[in-house]
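Protein chains: 6
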Amino acid sequence: MLTPLTITRVVTAALEEDAPWGDLTGEMLIPDTAVARAELVSREAGVFSGGAVFQAAFAVTDASVDVDLRVRDGESFAAGAVLAEVAGPARAVLQAERVGLNFVQRMSGIATLTARYVAEVAHTGARIVDTRKTTPGLRAFERHAVACGGGHNHRFSLSDAVMAKDNHLAVLTATGASITAALQGAIARLSHTTHVEVEVDRLDQIDAVLAAGVDTIMLDNFSLEDLRHGVARIAGRAIVEASGGVSLDTVRAIAETGVDVISVGALTHSAPSLDLGLDVRISDADVLVR
Amino acid sequence: MLTPLTITRVVTAALEEDAPWGDLTGEMLIPDTAVARAELVSREAGVFSGGAVFQAAFAVTDASVDVDLRVRDGESFAAGAVLAEVAGPARAVLQAERVGLNFVQRMSGIATLTARYVAEVAHTGARIVDTRKTTPGLRAFERHAVACGGGHNHRFSLSDAVMAKDNHLAVLTATGASITAALQGAIARLSHTTHVEVEVDRLDQIDAVLAAGVDTIMLDNFSLEDLRHGVARIAGRAIVEASGGVSLDTVRAIAETGVDVISVGALTHSAPSLDLGLDVRISDADVLVR
Amino acid sequence: MLTPLTITRVVTAALEEDAPWGDLTGEMLIPDTAVARAELVSREAGVFSGGAVFQAAFAVTDASVDVDLRVRDGESFAAGAVLAEVAGPARAVLQAERVGLNFVQRMSGIATLTARYVAEVAHTGARIVDTRKTTPGLRAFERHAVACGGGHNHRFSLSDAVMAKDNHLAVLTATGASITAALQGAIARLSHTTHVEVEVDRLDQIDAVLAAGVDTIMLDNFSLEDLRHGVARIAGRAIVEASGGVSLDTVRAIAETGVDVISVGALTHSAPSLDLGLDVRISDADVLVR
Amino acid sequence: MLTPLTITRVVTAALEEDAPWGDLTGEMLIPDTAVARAELVSREAGVFSGGAVFQAAFAVTDASVDVDLRVRDGESFAAGAVLAEVAGPARAVLQAERVGLNFVQRMSGIATLTARYVAEVAHTGARIVDTRKTTPGLRAFERHAVACGGGHNHRFSLSDAVMAKDNHLAVLTATGASITAALQGAIARLSHTTHVEVEVDRLDQIDAVLAAGVDTIMLDNFSLEDLRHGVARIAGRAIVEASGGVSLDTVRAIAETGVDVISVGALTHSAPSLDLGLDVRISDADVLVR
Amino acid sequence: MLTPLTITRVVTAALEEDAPWGDLTGEMLIPDTAVARAELVSREAGVFSGGAVFQAAFAVTDASVDVDLRVRDGESFAAGAVLAEVAGPARAVLQAERVGLNFVQRMSGIATLTARYVAEVAHTGARIVDTRKTTPGLRAFERHAVACGGGHNHRFSLSDAVMAKDNHLAVLTATGASITAALQGAIARLSHTTHVEVEVDRLDQIDAVLAAGVDTIMLDNFSLEDLRHGVARIAGRAIVEASGGVSLDTVRAIAETGVDVISVGALTHSAPSLDLGLDVRISDADVLVR
Amino acid sequence: MLTPLTITRVVTAALEEDAPWGDLTGEMLIPDTAVARAELVSREAGVFSGGAVFQAAFAVTDASVDVDLRVRDGESFAAGAVLAEVAGPARAVLQAERVGLNFVQRMSGIATLTARYVAEVAHTGARIVDTRKTTPGLRAFERHAVACGGGHNHRFSLSDAVMAKDNHLAVLTATGASITAALQGAIARLSHTTHVEVEVDRLDQIDAVLAAGVDTIMLDNFSLEDLRHGVARIAGRAIVEASGGVSLDTVRAIAETGVDVISVGALTHSAPSLDLGLDVRISDADVLVR
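Residue numbers (the working numbering), protein chains in the order written: chain A, 1 to 290; chain B, 1 to 290; chain C, 1 to 290; chain D, 1 to 290; chain E, 1 to 290; chain F, 1 to 290.
Be a bit skeptical, because a hint or two may be false.
With beta-carbon atoms standing in for the labels, derived distance ranges [said to hold, decoys possible]:
{"no.": "1", "chain 1": "C", "residue 1": "Thr-8", "chain 2": "D", "residue 2": "Ser-247", "range": "35 to 41 Å"}
{"no.": "2", "chain 1": "E", "residue 1": "Leu-224", "chain 2": "D", "residue 2": "Thr-250", "range": "51 to 57 Å"}
{"no.": "3", "chain 1": "C", "residue 1": "Thr-8", "chain 2": "D", "residue 2": "Gly-185", "range": "32 to 38 Å"}
{"no.": "4", "chain 1": "C", "residue 1": "Glu-85", "chain 2": "A", "residue 2": "Pro-272", "range": "42 to 48 Å"}
{"no.": "5", "chain 1": "C", "residue 1": "Ala-188", "chain 2": "A", "residue 2": "Arg-228", "range": "22 to 28 Å"}
{"no.": "6", "chain 1": "E", "residue 1": "Gln-184", "chain 2": "C", "residue 2": "Thr-250", "range": "28 to 34 Å"}
What the simulated footprint calls covered on chain E by chain F, stretch by stretch (three residues with Cβ under 8 Å from a Cβ of chain F suffice, anywhere in the stretch; the number is not a length) [unchecked claim]:
{"no.": "7", "segment": "102-110"}
{"no.": "8", "segment": "121-128"}
Worth flagging that the hints you see were computed from the coordinates, not collected in a lab. These numbers were taken from a predicted model, which means no experiment stands behind them. Note that beta-carbon positions come from the ideal geometry of N, C-alpha and C, so glycine has one too.
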């Protein structure tokens, strides 16, 4: 879901942001014939994400840089692991280093955090999903990272699924509309391929929503007990999503209530960068010979 | 340093990412005459950043939405504070909500974390500065957030200052060049407005660098004792920057060694989002009357 | 689903395509103080679509042109009807005329053709939907036009729903995979909001697809009799879409087989432009006085 | 006149419109090692246009797809003809198929319709030309298609030739200006390379226009008899263009009046797509071996 | 021919080039409430061009800046003349100053130089025209400036007129083609609105070109005597353009040979900037009161 | 400092400006199999700049054109020198010729003029620097050209160094602020990497500025005698820049006053294009054989 066209476009913009009129340091201090070899090394254990993006950072800078990935997106690795090898003109390697790292550290940080959530619920039928709380401009990258960590994706945007939240229902109520009728009316007008999800805050809202034939019901900020009641009430007639108050401490118990989907904003809005570094090796021979 | 042109361009792209062909939910469930009022409320204490960006998210969506900021960028606030008031067409308010929050939560998260670092060193002469470890595409926004938190900015990009790191010096050494001569040569060719900073890993590298007349020397991953030795050796002849191993636990002691500048990558690459929410109020009157 | 940001972006590009360095004729022959009034008139009956796009063509050219729509998108009108009134600087009115017409004639042509299909099936439960056979760059506009004509939209793009066609199934078969298992595997990995549709060419393919729990089954190029058999076999366990060989002559009978959805590529790839014109009135007074 | 830069830009945008975050179906169901071979086949006779555009749709998606054109732009073919062969990664072939077809079906539809008009007038000296009634964003593509069908192009845009229509003349009249003097004044200020064409609605307008030294006179909505009178009156002193009411039924008689140029809006605004399809062959060997 | 859309696009890019992340000086030293008044003053006599561009530089920076033009494009002025008055927020005035000047100095420089050429030939029927030797990205601006100086424009680009030069004729000759036949063939395929110009290097080439029915013949690097012979030979059957070796010293004699058009590359590739300055007045009251 | 990404972006835009819908002449007259060889020849002596840009003009047009540079950027050459050899499809060579020349003539013109200034001051310690008086959109290109001529660059933009001019100081004075204190305040808030330069108009302003600890003091429009006094007063405590009234006639004397930096706006705003031409050779064999 992360396309080559998107990678190239976003990475190019990032490189121009980081060096709008070149890398002064490299141009002033590095002979343009010098060659560098480098390893992408992890200082901590984690799950990898962003290999193709990392490659693109170097390729867009200089097509002659070679990046050999040692780990595939979604693979786990231990602290100290070599994730990729980079070789090429030293100027290009040093110029692209920071942008490449900025992407892969963020993406691997998200994948690693996601994997911890996924592990907590692996014994249940629940899936961990992301939200729209992503970094502006990087949604496709961060959703890919969630998938690398074993998570699932929620809708991509406001345009590809309906999610009626408390505020939408409040408007319907204020207009005097029947929630059930309003949702049925929407479903009748929507594409037959559009998924309809509705958020409820209380158990007593479930029946009206269910009667409209929605696809998913989100139980927002429910207690564990209420989640269990909600699952029982819905009884397989819609997918059940739990949301709100989800953390690594609480996710296991939430999953054990029987919900199908647990959405976690923190996967993308607060995952710390994974500590990866590029260890550059510049041999005398490389610098002198060429 | 965050210009209106940049804000408009980046916010527009974020809105298009989040609703490439509209907000299905709003279009299906919200009468286009409904009006909403909302408050941007903080669930935790912090430092505000991103007011103009938050405003732009609504203004680009629908110019008739009014956003009244209650807090200025850089101001502190307590948990529960109302940071802004939003009023306008309900569809637009609900559509722009997530994008507006994504920006302001990230920026305020960075400002808040920065302020904690700054408070730790306030009794010293040291300044806390950011790095190039920013989110691709959002550097101007994140640097602004660091400034809101009381931090200072480092160079914006590879194009506006020289920073010679260990890898650059390794190349010079491999070529048999004198570090001092190489740096002097670079300074002679650079613009007279370009700042030159060099990173050293060991105390014994300082003299050669100093002899070249550089502006700043970065002491990378030095022990506290070595930092003190470094400050003494440099003796005011260059600005002294400490880098590496900086955390909220260590920053005070580092500042007390007498360094001038402490760079902290975590300010931008790992600051958690601040927990802000938009509380929407939709009155019956607003929905019905219009 | 057609957003103001999209309209402005696409209309601006169209205007620049049509006058990259201005309108020579207007600049040479029309005094810049001359004012024109004009009416958008239909030479034939139809269904309107593209009012906001028509307005944008003039507004982007010159913000002082006023376009007053007399008909709303989706409304029917008779031959000779006045659909909009335009008033403003004559140079701008004449410059934007062709681009405005190009959009609204195409969109109204699609809406009008769609309405004819919809009328044919109005006595059944079937909906008429569009396809991805749209004009490159104008998909959002053409889907909006289909909706104006009373049709429904299918998925917007390859990114927002699964549609497994004969070629996809052929690959699965070639790999020795079980169709049912392969589809189940895909569903397990997809977002819970993603709709899954599968195309079958023969009745005997239905059971394997149905067993996977897909949302929609498309019966491609089925005879009327086979469509009826298909509907009976599926028996409400999935949405049934008919596709292939659909024309104004055949659509009624297809709908009467009991299918839920009928997709018609011709709505967008072959709808003739509706014959609309802009009748410009330039009074002596307007030209002389100002 | 359709440049590689334009093709790449427009095709890339079309591909991003059709798969903004990837092709879910291919990613979920097609092994990334599977290879597909396909033929572009015509279901009806016609004239080909868009070969390079069709190639670009695949090449931009995946540079390793090979598209071998069997027919050149402008060539006629019979129903059932194989127009091109495509071979490459199955995911890319299936992803690019629809966009490639959308372009080539539209362009070949225009070329085919144009060829029918051209055939009607082949025994005369008249040329068939297009108008500015093109699809927004695709003018260069559609003009190329007209040329493929044996038609000629009119001016590309408002910027590269003058075309004074009834409304322009109405303004001149309203200002009290002499038409002849106004046109002479414009010609004196225009580039010597700019062609000047004026539309007249009545025979008695010809002399004033001719006196100004214009290059082409368009006789708009003239009867056949008036066309003949117009040709005689102009007598070779300007190119004569006929416009309005041109259809396949009327074009032959119009051409036989002796006009030089016949402009036909329907070539681009109402040409139906040509019925082309991509027959994909996926061999077991291709899927299994690789 | 310089459209508002073009002005806004190019001026915005120029402002972003000049202040990608803001104006450090203004932000640090100028209170955001300070107001400035300024005058655009010329240090030398000249012809004005670029008023709307100058206005746009300020308006894009801050819509509240008011720019009152005192001179219209194409007007002459003496040294010391006030060309415009600017008033608004001091930060915006100072930030946009340089970009605004860069445009208007270049454009007025071109207009002024053009006017000198035009004055030299005013007693003849010759017109002074520009060439494609313009600044990349600024062609529309520079052509407008030429027109302001009383010059005429040549074709805008390779796409809107044919200009066969020596190299094109060399190819034709190499292929064994008849020049006349080749040109006639081209004319038969081109749009009837496309002007055809051919460059000749020798008098004996004229007849073959003339026989093809071209619109303009360019006599390249002809002596004055040969120009006179050329004019006589062509005898009004084509427009005659002189090119090559044109300077302020030679242009009068060239014009007096009777040629119709004289193209001068230097108008755009070597016109010195006109010496204009922005005299800023910042009153105490403006700074203090607000 | 001129990056490949920038070159490709700007050159592509220039090529699209010059041939938005192709090169009519080449398409009509040049067989697409014809091959051309050409030499970039200088009609006058100069300093070369823009080799990579010249190459890009051809490569973007057609990747199969080969451009072999004979001179490196910054090298001097005599009149008549061959600077590059070009070989490839004749259509592409002729189409890209003008755009390639437009860049390289401008850049080499700047380099050549810069070299003349640099030669005048070579016996002193002064460096010649550019200003922000560059062509909108081409700043990176023109700064590179200045460096090719032996000049140095000043700050790139308003964003990467502070330059307080007379107007800024006037505001400070109007607010009643102490210049020294205001500058110190700014320095305290700026990045430690940001260079601070202040312009003074009178000798008596120097002390207050110097006291603030600024990096560079610009002496604007000083007499030679005052320049000498200024240098003495500053006495090495800041870099000294002379500005205003600098020409080839005056620069030597200015340099001999002991200033460090001399900024010259004319380098970029008024350098005449260097007279370079592309001599195309089209052999019969090339045209016929292929």
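Hints and how they fare:
At about 36 Å, the CB distance of Thr-8(C) to Ser-247(D) agrees with the hint of 35 to 41 Å. For the hinted restraint 51 to 57 Å between Leu-224(E) and Thr-250(D), the CB-CB distance of approximately 56 Å keeps it satisfied. Remark: the range hint 32 to 38 Å for Thr-8(C) to Gly-185(D) is upheld by a beta-carbon distance near 36 Å. A hinted range of 42 to 48 Å for the beta carbons of Glu-85(C) and Pro-272(A) is inconsistent with their spacing of about 59 Å.
In this structure the hint that Ala-188(C) and Arg-228(A) lie 22 to 28 Å apart at CB holds, the actual value being about 24 Å. Taking 28 to 34 Å as the suggested C-beta distance range, the pair Gln-184(E) and Thr-250(C) does not conform, at roughly 52 Å. Coverage of a stretch by a chain is defined here by at least three residues with a beta carbon nearer than 8 Å to that chain's beta carbons; for the segment 102-110 of chain E and chain F the count is 5, and the condition holds. For the segment 121-128 of chain E, the proposed coverage by chain F is not satisfied: 0 residues have a C-beta within less than 8 Å of a C-beta in that chain, short of the threshold of three.
The earlier numbered hints that this structure contradicts are 4, 6, 8.
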